[in-house]
Every structure is written in structure tokens, then in C-alpha cells.
Amino acid sequence: MDKNPILRIATKILFAPIILFGLYVQFHGDFGPGGGFQAGVIVASAFILYAIVFGLEKGKELFPLNINLFLLALGGILYGGVGIVSMLLGDEFLSYNVLGSSKQAGQHIGILLVEFGVGLTVSNVMIALFYAFVDFKSSNGETK
Amino acid sequence: MISELMINAFLVSIMLAIGIALLKSRSVIYTVLLTSAYSLVAALMFITLDAVDVAFTEASVGAGISTVLFLAAMAFLPKKEEQTVNNQAFPAVICLVLGGVLIWCSYDLPEIGLATSPIHQHIVPEYILGSRDDIGIPNIVTSVLASYRGYDTFGETIVVFTAGIAVLAILKNNKKTLNKIKSQKKVVKNG
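Chain order of the listed sequences is A and B.
Note that the first sequence covers residues 64 to 207 in this note's numbering.
Note that the second sequence covers residues 187 to 377 in this note's numbering.
No lab work stands behind these hints, which were simulated from the structure alone.
A portion of the hints provided could be inaccurate.
[Claimed, not checked] Distance condition first, Cα-Cα at most 30 Å in a straight line; then the derived DSS-like pairs of lysine-lysine:
{"#": "1", "chain 1": "A", "residue 1": "LYS200", "chain 2": "A", "residue 2": "LYS66"}
{"#": "2", "chain 1": "A", "residue 1": "LYS123", "chain 2": "A", "residue 2": "LYS66"}
{"#": "3", "chain 1": "A", "residue 1": "LYS121", "chain 2": "B", "residue 2": "LYS362"}
{"#": "4", "chain 1": "A", "residue 1": "LYS200", "chain 2": "A", "residue 2": "LYS123"}
{"#": "5", "chain 1": "B", "residue 1": "LYS358", "chain 2": "A", "residue 2": "LYS123"}
{"#": "6", "chain 1": "A", "residue 1": "LYS200", "chain 2": "A", "residue 2": "LYS121"}
{"#": "7", "chain 1": "A", "residue 1": "LYS75", "chain 2": "A", "residue 2": "LYS200"}
{"#": "8", "chain 1": "A", "residue 1": "LYS66", "chain 2": "A", "residue 2": "LYS121"}
{"#": "9", "chain 1": "A", "residue 1": "LYS123", "chain 2": "B", "residue 2": "LYS366"}
{"#": "10", "chain 1": "A", "residue 1": "LYS200", "chain 2": "B", "residue 2": "LYS358"}
{"#": "11", "chain 1": "A", "residue 1": "LYS75", "chain 2": "A", "residue 2": "LYS123"}
{"#": "12", "chain 1": "A", "residue 1": "LYS75", "chain 2": "A", "residue 2": "LYS121"}
{"#": "13", "chain 1": "A", "residue 1": "LYS121", "chain 2": "B", "residue 2": "LYS210"}
{"#": "14", "chain 1": "B", "residue 1": "LYS210", "chain 2": "A", "residue 2": "LYS123"}
{"#": "15", "chain 1": "B", "residue 1": "LYS366", "chain 2": "A", "residue 2": "LYS200"}
{"#": "16", "chain 1": "B", "residue 1": "LYS362", "chain 2": "A", "residue 2": "LYS123"}
Predicted model only: the values in this text are computed from it and were never measured.
Chain B on its own, in the form it takes in the complex (with noise of 0.2 Å):
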């Protein structure tokens, strides 16, 4: 119970540290980084949590590819932030009062992993005991994803799908635009 107490205080100080960091960062680079490592640590958080699955998506979605597509897509925007906005105080108060609201509702949680908590009353057993009978799957997480809860992870995979070729077709686009600039630039010189 200390120990783990103690782990959580260490990557939630990390947490911190980072966070702070990140405020104070005004380079590109360094903010995509330091995201990167945020991600890392939230991938120990749900480790601690028993959350593996989560864990090993946020490892490798949010710390390994989001941080290279980030590097990719960092070549369009200026190597430095502005430094825009002067008035700190309000979005600072606001921050720490909602905060303080989160913070405040926490203590009327149930404690985490509480087998009468109202959330494993409800559907969970079923799924438990569907997953090792109807289905035969140990990993209880795939059997919900995949089979118990199909049509969601069938919009998730529409989703990724919708929004590359949003993307693609967008950057596309752009690009014919640009050389559209740049053929009538040529004819303007020209002529």
C-alpha cells in the first residue's frame, strides 16, 4: 500500500515537472518532446492502475507515432512561439478553480478497484463471465472491444480512416494550390 503510494507520488511529481516544463517552453521541439515524455509516464500511471492494455496504447500511440507525425508536421509552423498572450491571470484562476472543483468532487469516488463500486455492478460481471464462457478469451478487454462492444470499435476504425483521408485530401489540395501560386507568379514575371 506504501509503495504503491509512493510510485504514484513519484510519477505524479514527474507529471508535474513536466507539466511546468511545458508551460515554460517556448520552442517546437522541446514542447513535442516533453509531450512525448508526459505520455510516457501516463503509460506508467496505467500500469499502476492495472490498465495494460490502455498502458500499451498510450506507450506507443501517444509517446512512439503522435510524437513523429508531430516532428513531420512541425516543418510548417515557425521554429518559435510567439509570445501572444500577456493577461495570464484569468486563464490561470479559471484553471485552478475548476481544478480545485475536480480535485474536491474526487473525494466522493468510490476507491479504485472496489469490487461494490457501482460501475462493476452493472454490465461488468456479465461481460467476466461472457468472455471466459460465450467467447473463450482470456483478455477480457479484447473480448469487450472487439465482440461485446464491435459497433463502437467499428466507428473508431471509421474515424482513423475519415480523418486520414481528410487529412490527405487537405495537404493535397494545399499543394496544387501552391503550385497554382507559383505557375502564376512565373507567368507574372514573365510577363
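Just chain A, with the same shape it has in the complex (with noise of 0.2 Å):
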């Protein structure tokens, strides 16, 4: 695919609005649907987009594998962190009621980063799936 303009074209273009629109469902799942499974589906069509198009190489140039790895970790981490600082501050795990300064502050606060931690481990499960399937296939290609 690298000789096709509209394609290249029409991936640059569009990458950045697809990131933006994850962002938007990601942070505004409080207030209209969406949230992080979405979210994280979303952002990492984008990165799957500029793979396919540009190649895995590029792909991965954009966004390295042990970065990935790191942030697939780090969602499940995130998570589960808020839980138990929820419990270090002396309520139940995930009970966000004790995070802000009053009940309602601190709930938000706590959907806010538990909903980015979903949306962190599913779109890098996702990347990192492509990334695995398409390596494999390559690897495999060459043995035949």
C-alpha cells in the first residue's frame, strides 16, 4: 500500500480527529455515552489505521512495542491503584467517596481515573494484538 496517495493522504488526515474523538468519549463518558472501553477501542484504530497503511515498521516507529507493553500494564495498575489508595484513605477498595474534598468530588475523580485505566489496557491490548497477529504472519510467511 505504499504507493497509494488517497490512502496515505486520507490517513494523515484523519489520525489526528480519530485520537481526538477517543479523547472526547474517553473523558466525556460521564455525560454522554461512551467511556473507556470505547474510548480505548477507538484511539487504538487509529494506531492499527497508520499500521496497516504505512506498514508495521512505521507502526511501530510511531509507537514502540515496550512502550505499549508498558501502558497495557499500567491501565490494569491504574485501576486497581485507585482501589487501594481508596483503602489506604481508610474506606472499602474502590470506594471513591473519601478521593476529593467532598463525596461527589471524589467520585468523580475516581470514575475519571478508573475509566482511563480501561481505556489504557483495552487500546493497548488492541494494538498489541495487531502488532502480534501481523508479526506472526510475516515470521511465518518467511518459513514457507
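From these two lone chains plus the hints, build me the complex, please.
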């Protein structure tokens, strides 16, 4: 697909708006439809689109594998971490009331962080799966 | 009411058509694309039920990313499915009987959106009031998902995480085995 100018330019134009829409869905989940799962998938689709059009090597230059795996684990740790912090502040696991100055502020902070953790894990699992499939395919193709 | 019925009938007939086409298709690409189309129609179906969050998830995950991942994973498969199932009468009878039983049972379900149905009586009023008073978030789905059912969502996230690293581990190991076989073959050839 290296020589197809329409795909390349369309990808370059669409890449930033897709990420922006993903972030909107991520942080607007409190007020409208959306949340971590959907936003993670949307952000992942931008990186996967880039890797499909420009090739896996360029995709890995844009979003390296080690950062991908680090963020994959960080999402789960962030979610669990919010729970443990709320425990350390003297409430139950994942009870956000104690995180802020008031009950509602605490809930807002807790939900925002937890959804961000979900988004991180989901998007990076999707990107990692895509990398792994394509990587395996190309290495498998050489054996034949 | 009538327009809602018409929309539902339209969507169900599209789903039925896609289902029949899926039964007939033997090409892998065709099957993946049909599944994606089915997910999109299912997302529209969820919108008619006013479940926008679920529709959003179905459209982005079912119709979007899983299609891409299926297409990427498809390279491991042969292009065409071999037709091995010869006797299709017995599975067809089971499907028809099961479907019939489910449709028969659906007549006992309360009407969709009925406020007095049992599911809206138990804990839901507490969630609806609590989302306004305790949490202060307009989207009740988010407050249930992230706060009231935070444990479940934590579990879901860990499931996604575990599934991801399991696939990575399997593919990495397979790659190593392939390389080993390759080098052994070379040794045999050279020897």
C-alpha cells in the first residue's frame, strides 16, 4: 500500500481527529454515551490504521512495542491503584468517596481515573494483538 | 408505535438475511465482513432500545476493531473453508427446537421499558437516584459501570489484560518453535 497516495493522505488527515474523538469519548463518558472501553478501541483503531497503511515498521516507530506493553500493564495498575488508595484513605476497596474534598468530587475523580485505566488497557491490548498477529504472519511467511 | 415496529421488522429482516448469507458463505473474508455488518445492524437495534452505550460498544468493538483483528488473524487460515459437515438435519432440528422454545418463552417477558417490570423494581431506583445525588453524573450507565459495579469492571479490565498477554505469549512461543524447526531443518539439509 506504499504507493497509494489517496490512502496515505487520508490516513494522515484522519489520524489526529480519530485520536481527538477517542479522547472526547474517554473523558466525556460521564455526560454522554462512551467510556473507557469504547475510547480505547477508537484510539487503538487510529494506530492500527496507521500501521496498516504505512506498514508495521513505521507503525512501531510511531508507537514502540515496549511503550505499548508498559501502558498495557499500567491501565490495570491504575485501576487497582485507585482501589488501593481509597483503602489507604480509610474506606473500602474502589469506594471513591474519600478521594476528593466532597463525596461527589471524590466520585468524579475516581470514575475519571478508573475509566482512563480501562481505556489504556483496552487500547494497548488491541494494538498489541494487531502487532503480534502481523508480526507472526510475516515471520511465518518466511518459513514457507 | 407503528413506525417503531416497522424499524424493528426492517432491522430483523436485514439480520436474518445476513445470517442466511453467513450460512452459505465458504470464503473467510466474506464471513468476517458479514459478521461485521451483522454487528452494525445489532448496534442499530440497541439504539432502538435506547441503549446508546451498548450500541456504541457494539459498533466500535463488534463492527470495528474485531473485524480488523479477524482480518489480521485470518492469514493463518486457509482461504476457503472445507465442507466437512454432511449431515445437517440433526443440528438444524436442535436449532429450530431451541429457537422455538426461546420465542415461546419471550411471550412471558414483561413489555420492553415497562416501569413496573421486576428488573426496574429491585435496585435500579436506588441507582437512578444515587447517580444524581451521591455521584452527580448525568450518565447513569457510567456511574453503575465505574462506581456501583466498580468491582465487575475491574474484573473485566483484568480479563482483557490477561487475554491480551495470553495471546502474546502463545504467539511468541510459536514463533520460537517455528524458528527452532527451521534451524533444525537447515542442519539436516546441511548434514
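query = Can you name, in rising order, the numbers of the hints this structure does not satisfy?
reply = Hints 13, 14 contradicted; others consistent.
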